[in-house]
Each structure stands twice: as C-alpha cells, then as structure tokens.
Amino acid sequence: MLDYIVTLLSGQQMNGLDYGAVGGFMVYRLLQRSINRILIKLEKIIVIYIAIFLGYKLYQFLG
Numbered sequence: 181m182l183d184y185i186v187t188l189l190s191g192q193q194m195n196g197l198d199y200g201a202v203g204g205f206m207v208y209r210l211l212q213r214s215i216n217r218i219l220i221k222l223e224k225i226i227v228i229y230i231a232i233f234l235g236y237k238l239y240q241f242l243g
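For what it's worth, this note's numbering labels the leading residue of the sequence shown as 181, then goes sequentially.
Honestly, the hints are just simulated from the structure, not real lab data.
All figures in this text were calculated on a predicted structure; none of them were measured in a lab.
Hints are not guaranteed to be accurate.
Taking CB as the label site, the calculated pair distances span [stated by the list, open to error]: (1) LEU211 to LEU234: 32 to 42 Å; (2) VAL202 to TYR239: 50 to 60 Å; (3) GLY204 to LYS224: 27 to 37 Å; (4) PHE241 to LEU219: 27 to 37 Å; (5) ASP198 to PHE233: 44 to 54 Å; (6) ILE232 to PHE205: 51 to 61 Å; (7) ARG209 to LEU242: 49 to 59 Å; (8) ILE225 to TYR199: 32 to 42 Å; (9) LEU222 to ALA201: 27 to 37 Å; (10) ILE230 to GLY203: 31 to 41 Å; (11) TYR199 to LEU238: 25 to 35 Å; (12) GLY235 to VAL202: 43 to 53 Å.
Virtual Cβ for every residue (Gly too), placed ideally from N, Cα, C.
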C-alpha cells in the first residue's frame with residue numbers, strides 16, 4: 181500500500197533504501213516517547229546516585 185502511494189506521488193518505484201528510511205523513521209517516531217521517558221528516568225537515577233556519592237564523600241571527608 182505504502183509503495184503504491186509513494187510511486188503515485190513521486191512517479192518512481194521505491195527501492196530498498198526508501199523502505200529502510202521510511203521504516204526507520206516510523207520506528208523512531210513510535211519509540212520517541214518511550215525513549216524520552218527512559219532518558220528522564222535515567223537522568224533521575226544518575227542524579228540520585230551522584231548526590232548519594234557526593235554525600236558519602238563529604239561524610240568521609242568530615243569524618
């Protein structure tokens with residue numbers, strides 16, 4: 181269906197590269213929200229770990 185539409189619009193047949201680009205773009209659009217959510221969670225975890233690490237170092241330093 182998609183190749184028919186693209187052929188209709190562009191007047192040329194889709195080749196493998198076009199399929200790859202369209203497929204990759206669709207996958208990227210689908211995953212974008214979940215990637216953003218994962219990154220936000222990772223940022224929180226990293227910030228918490230850094231805070232704990234710095235707090236521990238400070239605690240050791242102060243004795």
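Item checked: Non-conforming hints, listed in increasing numerical order -> 6, 11
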